[in-house]
Structures are given as C-alpha cells and as structure tokens.
Amino acid sequence: MNIHTNETLGLDLKNRPDISYIANLVKPGERVLDLGCGYGELMLILKNKGVRVQGIEKDDKCIIQCVKKSLYVHHGDIDDGLKHHLDHSFDFVILNQTIQQTLNPGQIIKECLRIGKQVIIVFPNFSHWQIRSSILLSGKTPVTELMPFHWYDTPNLHYLSGKDFEDFCDFERIKVLHRAFFNRTRQIKLFPNLFATLALFVIRA
Amino acid sequence: MPTAEQNEFSHGSVGVVRTQIIQFDSLTLEGGETITPLEIAYETYGTLNEKKDNAILVCHALSGDAHAAGFHEGDKRPGYWDFYIGPGKAFDTNRYFIISSNVIGGCKGSSGPLTINGKNGKPFQSTFPFVSIGDMVNAQEKLISHFGIHKLFAVAGGSMGGMQALQWSVAYPDRLKNCIVMASSSEHSAQQIAFNEVGRQAILSDPNWNQGLYTQENRPSKGLALARMMGHITYLSDEMMREKFGRKPPKGNIQSTDFAVGSYLIYQGESFVDRFDANSYIYVTKALDHFSLGTGKELTKVLAKVRCRFLVVAYTSDWLYPPYQSEEIVKSLEVNAVPVSFVELNNPAGHDSFLLPSDQQDSILRDFLSSTDEGVFL
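Here the protein sequences line up with chains C and Y, keeping their order.
Under the numbering used here, residues 1 to 205 are what the first sequence spells out, in order.
Under the numbering used here, residues 1001 to 1378 are what the second sequence spells out, in order.
Heads up, some of the hints might be wrong.
To be verified - Example chain C residues on the side facing chain Y (calculated, C-beta under 7 Å, incomplete):
| # | residue |
| --- | --- |
| 1 | Ile63 |
| 2 | Ile64 |
| 3 | Lys68 |
| 4 | Ser70 |
| 5 | Val73 |
| 6 | His74 |
| 7 | Gln97 |
Claimed, not checked - Taking lysine-lysine pairs in the DSS-like style, the calculated list, with each CA pair at most 27 Å apart, reads:
| # | chain 1 | residue 1 | chain 2 | residue 2 |
| --- | --- | --- | --- | --- |
| 8 | Y | Lys1305 | Y | Lys1286 |
| 9 | Y | Lys1177 | C | Lys68 |
| 10 | Y | Lys1142 | Y | Lys1119 |
| 11 | C | Lys68 | Y | Lys1142 |
| 12 | Y | Lys1177 | C | Lys49 |
| 13 | C | Lys83 | Y | Lys1301 |
| 14 | C | Lys163 | C | Lys110 |
| 15 | C | Lys117 | Y | Lys1151 |
| 16 | C | Lys58 | Y | Lys1297 |
| 17 | C | Lys110 | Y | Lys1297 |
| 18 | Y | Lys1301 | C | Lys117 |
| 19 | C | Lys68 | Y | Lys1052 |
| 20 | Y | Lys1305 | C | Lys83 |
| 21 | C | Lys69 | Y | Lys1119 |
| 22 | Y | Lys1286 | Y | Lys1301 |
| 23 | C | Lys117 | Y | Lys1305 |
| 24 | C | Lys69 | Y | Lys1142 |
| 25 | C | Lys83 | Y | Lys1297 |
FYI, nobody ran anything at the bench for these hints, they're computed from the structure.
For glycine and all other residues, C-beta sits at the position ideal for the given N, C-alpha and C.
Next comes chain Y alone, as it looks inside the complex (with noise of 0.2 Å):
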C-alpha cells in the first residue's frame, strides 16, 4: 500500500478503497424518458456523523469517475483529487464524510452507452436516452437521500463538476450549506461548443463508428483519442505547453509525428481510449453544451433560488473556461446578496489546475470549509 509520503501534500491517505455500485427503480429524465433501474457508481471516504450534517459530495469532471481518492487495490496512481480528500487534507476525512458518484451517461458504472438493455440483453449504446446535467444531479439526489443525508455540508466540483454544484444550488437550494464551483461556467460559450463539436465529428467521421452500435472489438478508438487530443490541448496553457514541451524539433520527418507535444498528446489519446466509451464521451460533452443556467440578468433571476453560501475559484491561466465566466456567475450571486467568495488564482497550469496541488487552492478550499458561519448573513 502506498504510504503518505508519497502524497506531494505531507498528509495521509484514505487508503484502499473500491467503487461501489447501488441500483435505485428508476430515473425520470428531463426530458420525459426514464432510466429503469438507475444505476449509480460511487465511493465514500470518511465516516457520517450521526447528525449526517458532514456530508460532502464530490462531483467530477468530464472523464472523470467516482474515484476521487486513495488507491484501488494494485493501483499505483490514486483517485483524481487525492490532493484534497484525506485525513488532515482540505477535504477532511476525520470531519467530513465524503461521497463521489460517477455520472450517468458516464462509462465508469453509473447508468449510461454501456449499460445493458433489459430488452434485448444488448448495451443501449447510442439508444440511450439523452442525459442533462439537471439528469446527473437528480441521480446524485437519490444517492444522498439514500444515506439518508438532507443537507449536504457542500457540494464541489470543478470543470463539469462545477456546473453540477451549480445546478444542486438551483435545483435543491435548501440542500446544501456551501457550494464550490471551481473553473467552471454557467453556460458555454460558442467557443467551448466549438472544441466539444470537434471532438464529437471525430468520432463520427470514425468509419468504426456506425452511428454509434459498433462492436467492442471495433470501437471508434481512432476518433476518441483524436477528440481526447483536441480536449487535452484546451486543459492546459500556453506557458504550461512551452515549458514541458518547447519546440524540440528533430529533423523533420513527414510520415510521423516529430514533435515532443504531438508524441505527448497522441499517448494521451492512446490511453484515454482504454478507460472510456465513444458515446459516453457524446453523451457528456452534449450535457455540458446543452448546460444553461443564462448570463447577465437572466443568470441573476436563476440564481435568485439559491440558499448556500459559495466559493467561486477561477485561474488567470485558464483559456477554456477564462476567469470572466466564474465572474459573471459571482456577479450574479452578488446581485441576489449570496454570501460568495471569488478567488482567481495565478496558477500557470490552465484548465487542469483545479486538479493539481496548490498550496493557495489547499488553503482557500480547507478554510472556506472551516468557517462555521451558517451562511444567512453576508
């Protein structure tokens, strides 16, 4: 098992832990169509108090999945944002009690492409129903009633995680006290369309991907790592780029990719493709372009509802989701006098540094948390 010293952060580990799946009836989307039974993947770190006022939900982004932190058995590398959830980490294990659940339309366990259609014993691949964030968030409701928790301590996320805490806050305002909304946005903005539509027309110009019933054997893997690729190249920044890559060019060579950051970006399309699903990677990135709690003041009357206080973090660095969309979301909570902090940090990392160890992001997250204030005043 690996030890503590291994986190970059001096604190501890949750240890081993395993990906649990719970089946609920059913779902009723938003759209009209239900999911039956409704299958949800999810991990907890921490332990319920009795009062089950402790309780953290930990939503993750685009490809990410309920395995937030600690190791699975014979894994080397931990769960995404093992930075922050652990004992004495920002996302306290002795205090809190931590539940993250993987999407539906995911591919990582929850209902979704590769769940098997009861009625012809087959995976409902592209037959499955369209999934909103509002889907995903009303499937997590059903997890947190199951452990009988009504108010959430918080609910954070970053990235698609964010846009998930943004809707509890709308959806269930008398659920949560706090709500963290990290890189995020209250809709995208064409630009973000743009590189999700890119990343989709390579996976349909795949020719495996026969309107998305392909065969596990002859999965469109070809357009999935060309659209990781695209994706990828939007998590991090110009200076991040330059720094690990340069230019380092060696004689040029036409057949074959002779640049360091091409070599990189094709292995992070490589290996994406064994951990998720074509449609899946359809499914989500619709539920994020479809995703729309308005701007301005049509932002502003949404978040007229919302009942918790917030910490909004953006970073300067970040060109997909820039920090202006986390203002505007501020500026709207403001208007509505929300009690909300807005940080923007300096990290040159972009997108991704929501994910990476920062000791401002450890700090402002741990002490935004700490505060006991019960969010009625400003």
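Just chain C, with the same shape it has in the complex (with noise of 0.2 Å):
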C-alpha cells in the first residue's frame, strides 16, 4: 500500500472533482472559513477566484506553507478556537477532511452552523466497498489510500459513512442542501455509500 503523506495529498488538489465542486460553490466576494486548511490548497484555489478567505490549522508546518502562499491563517485548534466568531459572520464554514480528526465532532458542526450561513463537510466514507471487504476479509483495521494511517498513527478520530452523516443531520433537524459524493478522479452517483471514497455535504440550520 502506498502511504501518503499529508503533504502529497494535497499536490494533486488541482483536479479534484471534490474541491471543483466546492470551487463551484462558492462566488467571488464571499467570506470562507477553512478549519483544517492544511498546507492552504483549497485556501488558494478559492483565494484565486477571488473568495475571501481565512483558515486555521493546528500544524506548525502547514501555517508557515500558509503564509508563504499569501493566505490568512489562525495557528491553532478548532476544538477550542471558534467561540470569538460571530453568527452567520461566514458565506461557508468549510470542514475539508477535518472533522474525522476533531475530538467532539457533533458539537463542532453545531459551532459551524452558527458562524457559517451554510456549512461544507467532506469526510472520507468508512463505507466504500474496499473498506468493508478489508475488515471483511482480512480482520485489520482498514488503510486505504484516503485514510492512508494505521490505527496507532491516525489523526482521524472518527469513521463515518454518507449515510451516518445523513442519520446525524436527521436527528439534529439539520437542513441538507446539497450531497455529493466522489473517488479520486470522479463524481460518483450510483450507490455512492458503496463505491465512493470521499462523501459532501452542505447543510444550514
């Protein structure tokens, strides 16, 4: 198994139908707060398309690649880093494969339908086939090529499925307004919480 590095995932952000869709989302003029912006990728493809944005991210490496590409980013943690934040004070809180690795994910996702006016989730689906028929199969904690961690050395915290997503917005009465769900180099429509490695979400209160 190839093991990625957060660093060389983020290379070929580029052509990513996940982040265009996002891309897609979001109009120029508009305020975007990126939790776990990482090395800014997505930070900058927004930035470009003249999105003002600003993130925050906890590793000391990532910040500095931040500011090296001209982006306004908060060196610190989300799980404690929110409060200061007015209501609706964002077009979009963007949750970019973070909140499998927040400690209290349920009660992050409420802070961000606060500030945000619609909040943009994306976590990689625990029930992608490979997924299943991994722990099926062989007994061990799956490592994939999205989750590319062992259990004594992942930040991810949390696995979720599409569907678990959709069974927590139903329980909490929070809105969807858009789903979509992705593989590497496409969208994916038909059983997505089979065969796709990347679940979105948008969601309002």
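Two chains, two frames, a set of hints: combine them into the complex.
Spelled out as structure tokens, the structure:
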C-alpha cells in the first residue's frame, strides 16, 4: 500500500472533482472560513477566484506554507478556537476532511452552523466497498489511499459513512442542501455509499 | 569591518551605520504637556524609493534603541535585529527602506529624562512629562512625515515594539499597509504590571534615587541593576535557563552568589547600568503598564478602525507575554474581518525568541512581507 503524507495528498488537489465542486459553490467576494486548512491548497484556489478566505490550522509546517502562499491563517485548534466568531459572519464554513480528526465533531458542526450561513463538510466515506471487504477479509483496520494511516498513527479519531452523516442531520434537524460523492477522479452517483471514497454535504441550520 | 560570515544567517550586513538625531519644534503629549523641542534618534537602512511606498518602521522593545542593524564604528556586535534586517534578509534592505527610531522617554538620543531642560540648563530627569505608547507613536509619525512618507509599507515590532505597531494601526489606520506584532499584548495583565512594579521599586529604594534627581556620579545603579535582573528572568524560559545554567552548585557560600544563573543575572544587571538610565526605565515601564487597547469586546471595538493586514507572532515558551494575549488580538481582528495571520512558534527561548535567529520566523516575516496583497480582502 502506498502511504501518502498529508503533503503529497495536497499536491494534486487541483484536478480533484470534490475540490472543483466546492470551488463552484463559492462565489467571488464571499467570506469563507476553512477549518483545518492544511497547506492551504483549497484556500489558494478559492482566493484566486476572489473569495475572501481565512483558515485555521494547528500544524506549524502547514501554517508556514500558508503564509508563503499569502493566505490568512490562524495557528490554533478548532476544538477551542471558534467561539469569538459572530453568528453568520461567514458565507461558508468548510470542514474539508477535518471533521473526522476533531475531538467533538457534533459540537463543532453545530458551532460551524452558527458561524456560517452554509457549512461544507467533506469526509472519507468509511462504508466504501474496499474498506468493507478489507475488514471482512483481513479482519484488520483498513489502510487505504484516502485514510493512509494505521490505527496507531492516525489523526482520524472518528470513522463515518455518508449514511451516518444523513442520520446525524436527521436527528439534529439540520437541513441538507446538497450532497455529492466522489472517488479520486470523478463524481459517483450510483450506490455512492458503497462506491464513493469521499462524501460531501452542504448543510445549514 | 565585520564580514557577512559573522552573521548567523548567510546574508549580508547593512555595514557601518550611525545614529542620527533630528529635531522638530514640539510634540504635544496625550497628557497635555508639550516637549519643546522634540528630538528623535533614528537610523535608516536601504533606500526610500521614488513613490515612497517601501518604508518599514521598526519599533524597539523596552531597553532597545534606534540601532537595529549593522555596526556602529568600532563595534563588534551588530544592532539588536541584525538577524532580520539587511540585504537579502527578511527585512530586505535591497527592497525596503527600514527606519528604526528610539522612543521618546528613552535614554538613547530621543527626548527623555536625560534631555537638557532649556529653562535651567540641567537634565529633566524625573521632571520630564509622563510619556505614553501613543506619544511614542506620535513622535514616530513626525519622523515618517519628515521623510515625506504618507503610507508605511509596514510597522513591525516585538514586545513594547509590538504595542507601538498595534497603536500605529489604530492611531493612523490609513498610514500603514502591514502591521507585524510579535510577542506582544493589547494591554498588560496584572502580572506583567507586577513584574514592572518590582523593577521600579528596586530603583525607588536605591539610596541614590533622590526622587529621580540623582547626579550622574551617584546614580541608583544597584536599583536599576536589580530591575534588570528581575526583567531578565522574565525574558527567558525555564527550559532555556535549565539548559544554559542547570543548577551547577559549587560549595555553599552564604556571602555571595554561588549559582551560575546568579552570576549571569548579576552580570546582566551590571552591564545594563552602563547603557541605561534609571529614570528612563521608570518612564518606559510606566508607558507599557498604562498602554491599553482593552481586551475582549472592548479590544474588538478599538480594532474596528484598522485598515492594514496583520501578522501576529507568539511563542509557546514566552511566559511574560503568553500566546493567549496574542490570540486575543488576533480574535478581535478576525471578528472585524481584518486580514490576519497568527503563528505560534515553538522556539525554546521564551520572550526573547523574537530577537533570536530562527528559520521559521525568518520565513514567516519574509513571506508575509513579500506577498503583494493589497489587504482589502481576506
């Protein structure tokens, strides 16, 4: 299995269907808060489109790369760094493959719904058939291209599927505006919970 | 003349420089009194371009002065921020025109307690009027205007320098494009005031103090040295001190210091006395303690005025100006939708980190300044 670091994962973001999907949702001049912005690749794409984007990231190396890209970043932890933001002060709050790494995802999503008019959540789909079969056949915690970590070194604290997220939104009466599913190269429309590696939801309070 | 190799970074030096003193008619202070004439000691490095839009004002910390980079004739050590100012360095003198001025109330050439009072031909000493951070900035504004600069490319500073930079952003919002605040705060906490108070009380209790009207032969040197020792402890970190001094206990000695850290502090205190004035120490620490842009909602309201981009840098090991104070500034800026980058560096050197060489800090300062963003949008 080819193990990617966060850095290499970021390099080919530009041709990713999920990234284009996000970039198409946000209009120039709108304000975006990117939580767990990593090396700032998505922020850079949005910024170049004229979006007013700022990010939060806890990794030193990422922060330095963001400053290099002339992006505005807050070095801190989203688990405790959102309280000061005013209600609906951003058009979009983005959690791009971040939510599975936070301590208290439910709480953070609610906080995002308070700050953002809309919230875009993207996460690795844990019910992808390869993951299902890996557990079934090998009996081991899966290590995949999108979740290239072992149980002992993973930043991912939570594993969820598209269906899990739908249930959460139902239970919390959160409105789902859009849902889209992807693999590395294209959008998946047929049996997405089985065939998509990545799930994207646009929600609002 | 020292060579580039002597620098920790493999870039150049601005070479030999000289502190200049400029005189203005007067400056009316926030307290209502007037300094006549107003003198400002300053140095510049690099060249002001034709459009006069490449100037960076560097603001110094408590015991600093106008000598930020390069070497004074015959000196072995360069100015205090030489790691970052020079050709090819983060504050690149091939691109930017750097101005560094000594604050008023200080003792390194700008109007302050050592200035001669024209009325009696003697130094003002403790009869010099109270000076605020706002006054220091207003004096710098005169210097900037003298160069014909309307809008500074950046104002930058650490610690007290950071407070001046912050004050610039609210006092003259249209006159700076970038603001760099390092290891600083929007107001002193009770703890920070407490440290300064102990320093001031050490000076006040020196037998030579004489209400600040001491002679140069009989200065309150012991008190000033104690104040510096106290201050110096707060500038370093536990880790740094442990690494540098450990405990190293020789045979117990009741009569004099027997720990390495003790002798180090005594040395720091004694050498400080040769280059600083006790009255100035009191004026400048009071200016620091009185400075307040508020915290929380109050700070957010004050910072609503700013029109520049911000870089705020804090240091995990800084216990004198802990990172939460920097974050408070950042959060207030973010609520106002001000473009701001906040970085907390994990340098081990404590509060002094901003003065020391660090590749990460170098890259952040360099890249923040290099990005040509107009700062209108986030």
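Hints versus structure:
The interface hint given for isoleucine 63(C) holds, since its Cβ lies 5 Å from the closest Cβ of chain Y, which is under the 7 Å cut-off. Restraint check, isoleucine 64(C) versus chain Y: the minimum CB separation of about 6 Å is within 7 Å; hint holds. For lysine 68(C), the interface hint holds, the least distance from its beta-carbon to any beta-carbon of chain Y being 4 Å, beneath 7 Å. Using the Cβ-Cβ criterion of 7 Å, the hint placing serine 70(C) at the interface with chain Y is satisfied: the shortest such distance is roughly 3 Å.
With its C-beta approaching chain Y no nearer than about 5 Å, valine 73(C) sits inside the 7 Å limit, and its interface hint holds. Because the smallest distance between the Cβ of histidine 74(C) and any Cβ of chain Y comes to about 5 Å, under 7 Å, the interface hint for this residue holds. For glutamine 97(C), the interface hint is violated, the least distance from its beta-carbon to any beta-carbon of chain Y being 22 Å, above 7 Å. A hinted pair counts as satisfied when its Cα atoms are at most 27 Å apart, and lysine 1305(Y) with lysine 1286(Y) qualifies at roughly 26 Å.
At most 27 Å may separate the alpha-carbon atoms for a hinted pair to count; lysine 1177(Y) and lysine 68(C) meet this at roughly 18 Å. With a C-alpha separation of about 25 Å, the suggested pairing of lysine 1142(Y) with lysine 1119(Y) holds against the 27 Å cut-off. For a cut-off of 27 Å, the pair hint linking lysine 68(C) to lysine 1142(Y) is broken: about 33 Å separates their Cα positions. At roughly 23 Å between alpha-carbon atoms, lysine 1177(Y) and lysine 49(C) fall within 27 Å of each other, so this suggested pair holds.
The straight-line distance between the Cα atoms of lysine 83(C) and lysine 1301(Y) is roughly 17 Å, inside the 27 Å bound, and the hint therefore holds. Pair hint lysine 163(C) plus lysine 110(C) holds up; C-alpha atoms about 19 Å apart against a cutoff of 27 Å. Between the alpha carbons of lysine 117(C) and lysine 1151(Y) the distance comes to roughly 36 Å, so the proposed pair goes past 27 Å and is violated. Proposed proximity of lysine 58(C) and lysine 1297(Y) is supported: the alpha carbons are some 25 Å apart, at most 27 Å.
At roughly 23 Å between alpha-carbon atoms, lysine 110(C) and lysine 1297(Y) fall within 27 Å of each other, so this suggested pair holds. Proposed proximity of lysine 1301(Y) and lysine 117(C) is supported: the alpha carbons are some 24 Å apart, at most 27 Å. Between lysine 68(C) and lysine 1052(Y) the CA atoms are separated by roughly 25 Å; this keeps the pair inside 27 Å, and the hint holds. For the hint linking lysine 1305(Y) to lysine 83(C), the alpha-carbon distance of about 22 Å falls within 27 Å, and the restraint holds.
In summary, the hint linking lysine 69(C) to lysine 1119(Y) is not supported, as the alpha carbons are separated by about 57 Å, beyond the 27 Å threshold. For the hint linking lysine 1286(Y) to lysine 1301(Y), the alpha-carbon distance of about 24 Å falls within 27 Å, and the restraint holds. For the hint pairing lysine 117(C) with lysine 1305(Y), the CA-to-CA distance comes to about 26 Å; that is within 27 Å, so the pair holds. As the CA atoms of lysine 69(C) and lysine 1142(Y) are separated by approximately 35 Å, the hinted pair breaks the 27 Å bound.
Restraint check: the Cα-Cα separation between lysine 83(C) and lysine 1297(Y) comes to about 13 Å, which is no more than 27 Å; the hinted pair holds.
Going down the numbered hints, you'll see the structure goes against 7, 11, 15, 21 and 24, while the others check out.
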